[in-house]
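**Q** What follows is each chain in one-letter form.
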Amino acid sequence: GAGVSQTPSNKVTEKGKYVELRCDPISGHTALYWYRQSLGQGPEFLIYFQGTGAADDSGLPNDRFFAVRPEGSVSTLKIQRTERGDSAVYLCASSLNRRGQVYGYTFGSGTRLTVV
Amino acid sequence: SQQGEEDPQALSIQEGENATMNCSYKTSINNLQWYRQNSGRGLVHLILIRSNEREKHSGRLRVTLDTSKKSSSLLITASRAADTASYFCATDAVGAQKLVFGQGTRLTINP
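Quick mapping for you: the protein sequence lines, in order, are chains A and B. Using my numbering, you'd call the opening residue of the first sequence number 1 and step up by one each time. Using my numbering, you'd call the opening residue of the second sequence number 1 and step up by one each time.
In short, the hints are calculated from the structure, not lab data. Beta carbons: idealized from backbone N, C-alpha and C, even for Gly. Worth double-checking, as some hints may not be accurate.
Okay, the calculated bits of chain A under chain B, using three or more residues with CB under 8 Å as the criterion [what the hints assert, rightly or not]:
id : segment
1  : 15-26
2  : 68-81
3  : 105-114
To spell it out: a stretch of chain B is covered by chain A in this simulated footprint if at least three of its residues, at any positions, have a beta carbon under 8 Å from a beta carbon of chain A; those stretches are [what the hints assert, rightly or not]:
id : segment
4  : 24-34
5  : 41-48
6  : 56-63
So that you can see chain A by itself, here it is in the shape it has in the complex:
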């Protein structure tokens, strides 16, 4: 597609439930990033994929968070046993970035996750 697509746009879930957030990046973008943004804050880095592999997962807050990108395109962020503190907007971005070449990121519109 023309842009980065994230689904769902909004998700309300009960505390303790499992959720999956999907990101469909721009075709041909090998780099994919997940960020989390709380109200009034800047985006906080979660994880970065280069192709199928997670090149940097240092931002995942704990082992309840996991992300995959099995075919190097669509990525899914998975959150187990959700807590109210997980409520935030989850942003996905993709880029042509590869070693030695740097480009700006294209962001999706985000998934607003609310844990009640």
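Mind docking chain B on chain A? Use the hints.
**A** This is chain B only, laid out in the frame that chain A set:
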């Protein structure tokens, strides 16, 4: 953790005036980027300046970078109501391969 800090946190000016936002960061960088965000959803890439560049222009935007002071500024000239948004600087630290964002500046343009 946030690498960059924007200043001011909020800025309100009249349409037609120039808006200047500043960003400071802590570590050596490969490049610095500025993004705009409307209504708390997706961010839009505005401009990228590499560590060996000092100034860059794009339309009404002017970005400067001073690596000795670890700071950057974004100037929007002849502001318009549509420029109302939050503006974030993001740094690509040496060896990091990811952007780290600051807290942002909320810019309001009054008609």
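**Q** Hint by hint, note whether the structure agrees.
**A** Evaluated hints:
no.	hint	result
1	15-26	violated (count 0)
2	68-81	violated (count 0)
3	105-114	holds (count 6)
4	24-34	holds (count 3)
5	41-48	holds (count 6)
6	56-63	violated (count 0)
Of the numbered hints stated above, those contradicted by the structure are hints 1, 2 and 6, listed in ascending order.
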